[in-house]
Structures are given as structure tokens and as C-alpha cells.
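S.K.: Residue numbers (numbering that gives the first Met the number 0), protein chains in the order written: chain Y, 0 to 246; chain C, 0 to 431.
Don't read these hints as lab results, they were simulated from the structure. Ideal Cβ placement from N, Cα and C applies to all residues, glycine included. Among the hints, a few may not be true.
Unchecked claim - Derived Cβ-Cβ restraints for the label pairs, each shown as a range:
{"id": "1", "chain 1": "Y", "residue 1": "G27", "chain 2": "C", "residue 2": "G220", "range": "51 to 59 Å"}
{"id": "2", "chain 1": "C", "residue 1": "Q279", "chain 2": "Y", "residue 2": "K215", "range": "35 to 43 Å"}
{"id": "3", "chain 1": "Y", "residue 1": "I229", "chain 2": "C", "residue 2": "M246", "range": "18 to 26 Å"}
{"id": "4", "chain 1": "C", "residue 1": "G220", "chain 2": "Y", "residue 2": "I246", "range": "52 to 60 Å"}
{"id": "5", "chain 1": "Y", "residue 1": "L98", "chain 2": "C", "residue 2": "T233", "range": "53 to 61 Å"}
{"id": "6", "chain 1": "C", "residue 1": "K71", "chain 2": "Y", "residue 2": "D66", "range": "42 to 50 Å"}
{"id": "7", "chain 1": "C", "residue 1": "Q70", "chain 2": "Y", "residue 2": "G147", "range": "51 to 59 Å"}
{"id": "8", "chain 1": "Y", "residue 1": "I229", "chain 2": "C", "residue 2": "P251", "range": "23 to 31 Å"}
{"id": "9", "chain 1": "Y", "residue 1": "L228", "chain 2": "C", "residue 2": "K272", "range": "42 to 50 Å"}
{"id": "10", "chain 1": "Y", "residue 1": "G147", "chain 2": "C", "residue 2": "T414", "range": "51 to 59 Å"}
{"id": "11", "chain 1": "C", "residue 1": "K272", "chain 2": "Y", "residue 2": "V240", "range": "56 to 64 Å"}
Stated by the list, open to error - Over 10 Å on every C-beta distance to chain Y, these chain C residues come out as not near it, computed from the model:
{"id": "12", "residue": "R1"}
{"id": "13", "residue": "H20"}
{"id": "14", "residue": "R63"}
{"id": "15", "residue": "L88"}
{"id": "16", "residue": "K131"}
{"id": "17", "residue": "D197"}
{"id": "18", "residue": "L198"}
{"id": "19", "residue": "R322"}
{"id": "20", "residue": "R346"}
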Amino acid sequence: MPHPRHILLIGATSAIAEHCARLWVQEGTPRLTLVGRSPERLEALATDLRVRNPQAEIHTQAGEFTDPAGIRATVDRLTAQGPIDLALIAHGSLPDQSLCQQDLQLAHATLEINGLSPALYAEALAGHFARQGYGTLGLIGSVAGDRGRRSNYVYGAAKGLLTRYAQGLQHRFAHSGVRVVLIKPGPTETPMTAGLEGRFAPVEDVARDIVRGMEKGQRVIYTPGKWRLIMCVIRHLPAFVFNRMNI
Amino acid sequence: MRAVASWGRLSAPPHDCIALHERERLIEHITRHTPGLAFGMGRSYGDVCLNSNATLWMTRALDRFLAFDEQKGVLVCEAGCLLRDIQRLSIPRGWMLPVTPGTQWVTVGGAIANDVHGKNHHRQGSFGDHVKRLRLVRTDGELIECGPDQRPDWYAATVGGLGLTGVIVQAEIQLCRVQGPWLDTETLAYTSLEEFFDLSDASEKDWEHTVAWIDCLDRRGHRGLFMRASPADTQEPSPAPRQPLSMPFTPPVSLVNRLSLRPFNMAYYALKKHRAGRAQAHYEPFLYPLDNLAHWNRMYGPQGFYQYQCVIPMVDAREATRRLLEEIARSGEGSFLAVLKTFGDRRSPGMLSFPRHGATLALDFPARGGRPPRLFERLDAIVRETGGRLYPAKDARMPRELFRAGYPRLDELLTYRDPGIQSDMSRRLLEE
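Extracted from the complex, chain Y is given alone in its bound form (with noise of 0.2 Å):
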């Protein structure tokens, strides 16, 4: 290859993100921008990383998450540093549903924090990709997007938009070398659901599908593989047996 590999990590301090940056860098030695909003938690991630891989060339890049102009410059920056092969898009934050519902600028942050500004990077992104005429574009969605549901659909519908979205981008891409791909974790065991009661995927299982799947330019990936069907069958569950479900 001549210049090694590089991949992008948008919100590189979520612990899905965090461990796709492990098995990058433990599988080779790409060059990795890591894109997040605290500049010390970026510090301590890449310092980690370059333990794993002294080879890895590793950036650190604090960006804007919310402000569309903030999020375009961003990208501008990142962009102008020369060709991009992998970008993933990984923040979001997972709220409690009944405080959502109680306070509006709750739900406002959770729609935009999950929903919008992942779509705003994605939309600026892919403008990159498409001059570039190659490299995949990973957005990770949640099986919450697939049907919304009592227990969480602030989260859900933020998340949903990400699943229209992606599909959107895979349309428009569909005769070029850029890939888009859409993951879909199931509940996984990580800082934002330690709390939680239930069952859950070891973050470094749903990495591991991420990047393996990344890598072959799934459309969809479901990790664990088992939610694909699971989703199947709740997203055509007809209303009336849906409703009784406490889901």
C-alpha cells in the first residue's frame, strides 16, 4: 500500500468506537483521526492506542457536535488532511426515556446528540467521499431505530433517522466505490449501560462484527447477529400484539 490506511473515528470516545480503534490498530498499522468532544479523553485513548501499536499513527481532533457550521468546519479540517478510507460515525448518548418525556430539552438534546448531528457528519462526510470517489462511510444506528417503542422512542426515533439515512446514502451511492454501512448493536455492555438491568453484548464482540463487516461493506450489520431476526419479527408484529408486549 502506498500510504497506510486511514480511518476516522467520529465520537472515538464511545466504547463501541474504542474498540474498533483497538482492532485496528492490533490488526494493522493504519493511520487514525480520533474525533471527540474532550480533548483529555481523546489524549488518553490515543496514548492507549499507541501503547497497543507504537507503529499506528495516531490524531487526536477535538470537534463540534451540534452546530451545523461547527460540524461542516469539523469536517472541512479533517477532509483538508488528505484522503480518508474508513469513517466512523459513533457518538450518541442513551437517555432515560421517562425523563425524556418530562423535559423537553432532554429530548431535544437525545433527538440531536443521536439523530441529527450523526446525520450532519454524515451528509458532510459524504460530500468527501463522493469528490474522493471511494472509501466506506459506518454510522452506527441502534436496533431501538428499527420500531418505536414505549420504553425508550426518543432514543429510537433519533435512531431511526440514522437507518432512513443511511439508506438514503446507500441509494445515492450505489454506482460509485463509496460504501455506506448501517450498524444496528443491540444492547451492549458499556459505560452508558452499566446501570442497567439486562442482558448485554460484550463491547468487544460488537467491535469485532463492526469492523469485520466494515471491511466487507455489509449494508446492514445487526450485532449480535441474532437481532436481525429478533428485529425482523418486532418490526412486523401486528399493533394488536404489539401492544400488549412491555417492550
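Go by the hints and put chain C onto chain Y.
M.R.: Showing chain C alone in chain Y's frame:
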């Protein structure tokens, strides 16, 4: 609240789980949610890692490396790093953790707090012997850096301190040189305890690792398999790690029971004896054989299991081990995972470290009827009489006085205790 169980799966009490992740918020999380307890992988068997109806600070995501000096073999990492990840990072670069327990699915913090040991205790001592420095966050917000050369009293209290002196958030570990991931191994069948102890004595000088499996149901003698290994010169790299098999669900009754155990032990002994001799093995299957079956603890069914691990001082080791095994054989209870090993005479670093010069026996017993087997009281009597001790990391039931008798430095440790930290074990064994 979230149900959390330890490895023995005796209960799954609710906990308020707080993830420790961002370094800049550690102090905030630790000071604000008390009484709490650090929780890593939950691989300790009893209640040392539980804090029912109160806070657990989950350290699993506090797992970043900070520095690795490849010249000196010194690694600095956060407390939630897995021993597995350290091994996989360092072995290709010619270094390895000097001490690891029988599973590598434990965190650095847990390995320090329980001062774990491995099959090479006679050579390398316990995990704490290789910790150069550690960072502790107290629930009043104080930060304590300590090590053998820096505030050594805090180091001695925290190594093996069962998590009670503060939350270990970071550690600096001295690794040891290795050629590669391979071991020269030898398996020998033995048929009596005398033979086991003679083999142990003879092997300690030339072999890095020694451990034995023992058929605890064998009433005629004490047959077993003695395994020893030393680092091989082969530099061939590790094969790609495989996904371990997994016990996919918990069977309704324990698969380890009176019916299954005898044929199982016979078959295991016969098979291994047949294959005895010298071989070369990768370190993972040799050092962590059970890691190849994820969730193996589910085999014991919904009621879970107890592990009994004691150490008997060397003077009485042969005689007392024979008596322990007699009691077990007589009870008809028994365990497939019966492990026998001798500890070297190195003084352990922690006030509450488990290892001491002697013989250690570890056995698993399925829990029946929600209480420990009656047999344990008879085993306790032998341990007490010989001045031995039980391993807190494995324990869910030892009597207070046995804990006190086994750990004469307990009162000293208590002066370093963090008042904002509690565990089910501390309430059971320490609180008034």
C-alpha cells in the same frame, strides 16, 4: 439496580452499578456514591466482590494502557485492564506477566486486591510482588500513590486488601522476559500423596510452573496428575486466538454430581495418563485451561457452587492434606476441579495475602439447599489446627474466628480501611 453475581453464582443481589470510565470523573464517582466497592470481572467466587443493595464501581471500562517500556518491561495501565490483554500485548514483544491466576479474565485491580497467585508461586511469588506502584482513590477524594518503595505501608495494606483500602485505579507492573508464547510441559501420573510431594520438591528447582489435579474420590490411594512446565525457546508467534466454547445456558441441576463425578474423574485420569509425557504447549491452554469454556460456572446449575481453598503450612502439609482428602472422600461430596499445589517460602507482600509456604488445596462443591456442605466444618477444623488459612477470593462462608486466626495482620489492615467502602464479605467478617 442491577442483579450482579460472583463466579460461584450463589446469589445475584441488586446493585447500583456505576461505570468508572473517564479519568477526570473518577474522584467524583467514588466520593459521591458510598458505601461502594470496586468490581472488575466478578471472577472471585464468593462475596468479596459483592456489595448487596449498595454501589459497585465497575472498573471494566477503565482499561486503557498508559505506557509500556519495552527495554525495562514496565507496563503502566488502568485497573480495569484484563490480564489477557496484557499478555497478548506484551508476549509478542518479549515480555509476560510474571504471575497470573488460573484465568486471565481478571482485571489488574482484582489481581492486586486479592493478591492472586499462579502455578509458579515457588518462583515468582504472588501478583503483588510485581506491582511497582499503584494509585488508590479514597472515598474522601484523597489520592494515594504507593509501592514497595513509596508509602510501603499503604502498598502492603492494599495488596491483598480485598478492595477495602480505596479504589485501585492505576498500576505499574514489572513484567518478565520471555522468548515467546510456548511452554515445554510434562505431565506425570502419581498414585499417592507422597509421590505428589516428592514430585513437587523435585520440580521446584527446574520448573517454572507446577500444579496437580487430584482425584478426590479415589479411596484406595491419591491418584492424580502432576503437570509442570517451563518457558520454551521456540519463538514461533501465537496462533490467532480462537473464540472459546461457551456453556450456553444454566442446566436445571448441577452437571457435577455424585453420579457424574466418579466416571468423569476416572475417564479424565485414564485419558491424561495415557497422554502423559513431555510436550510443547501454548501458554493459554496450559495456564488457563478453563478459559476455553466460557461460563463454565453454569455447569453447577442454578444454585451455584462453593469453592474451598486452603493453605496448610509446610510442616504439617503432608499429613494434613491426607486428612483433608480423607474427609472429602468419606463425605462422597467432591469436585472435579480439585487442584493441589505447593507454595514456595517467599514472604507475601500484603498484610492479607493468602499465599504462604505450604500446600494449597482447592475444590469446588455444588451448593445444595442454599447452604455450604457440612463437610466444610470438618475441613475448617483441620485448617485451624495446623495454623492454615482460607482464601478470601474463593470464600462465601468461612467463620469469623477462622479468618482472624488465619490472618494475624488483620487489625493492622483495618487501620488503612476506607470507611466509605464495604462489601458483603466485609459485613460478614468484619463489621460488628
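S.K.: Look at each hint and say if it fits the structure.
M.R.: We went through each hint and held it up to the structure:
| no. | hint | result |
| --- | --- | --- |
| 1 | Y/G27 x C/G220: 51 to 59 Å | holds, 55 Å |
| 2 | C/Q279 x Y/K215: 35 to 43 Å | holds, 36 Å |
| 3 | Y/I229 x C/M246: 18 to 26 Å | holds, 22 Å |
| 4 | C/G220 x Y/I246: 52 to 60 Å | holds, 59 Å |
| 5 | Y/L98 x C/T233: 53 to 61 Å | holds, 58 Å |
| 6 | C/K71 x Y/D66: 42 to 50 Å | holds, 47 Å |
| 7 | C/Q70 x Y/G147: 51 to 59 Å | holds, 57 Å |
| 8 | Y/I229 x C/P251: 23 to 31 Å | holds, 25 Å |
| 9 | Y/L228 x C/K272: 42 to 50 Å | holds, 46 Å |
| 10 | Y/G147 x C/T414: 51 to 59 Å | holds, 57 Å |
| 11 | C/K272 x Y/V240: 56 to 64 Å | holds, 59 Å |
| 12 | R1 | violated, 5 Å |
| 13 | H20 | violated, 4 Å |
| 14 | R63 | violated, 4 Å |
| 15 | L88 | violated, 6 Å |
| 16 | K131 | holds, 17 Å |
| 17 | D197 | holds, 44 Å |
| 18 | L198 | holds, 39 Å |
| 19 | R322 | holds, 43 Å |
| 20 | R346 | holds, 33 Å |
In this structure, the earlier hints numbered 12, 13, 14 and 15 are contradicted, and the remaining ones agree with it.
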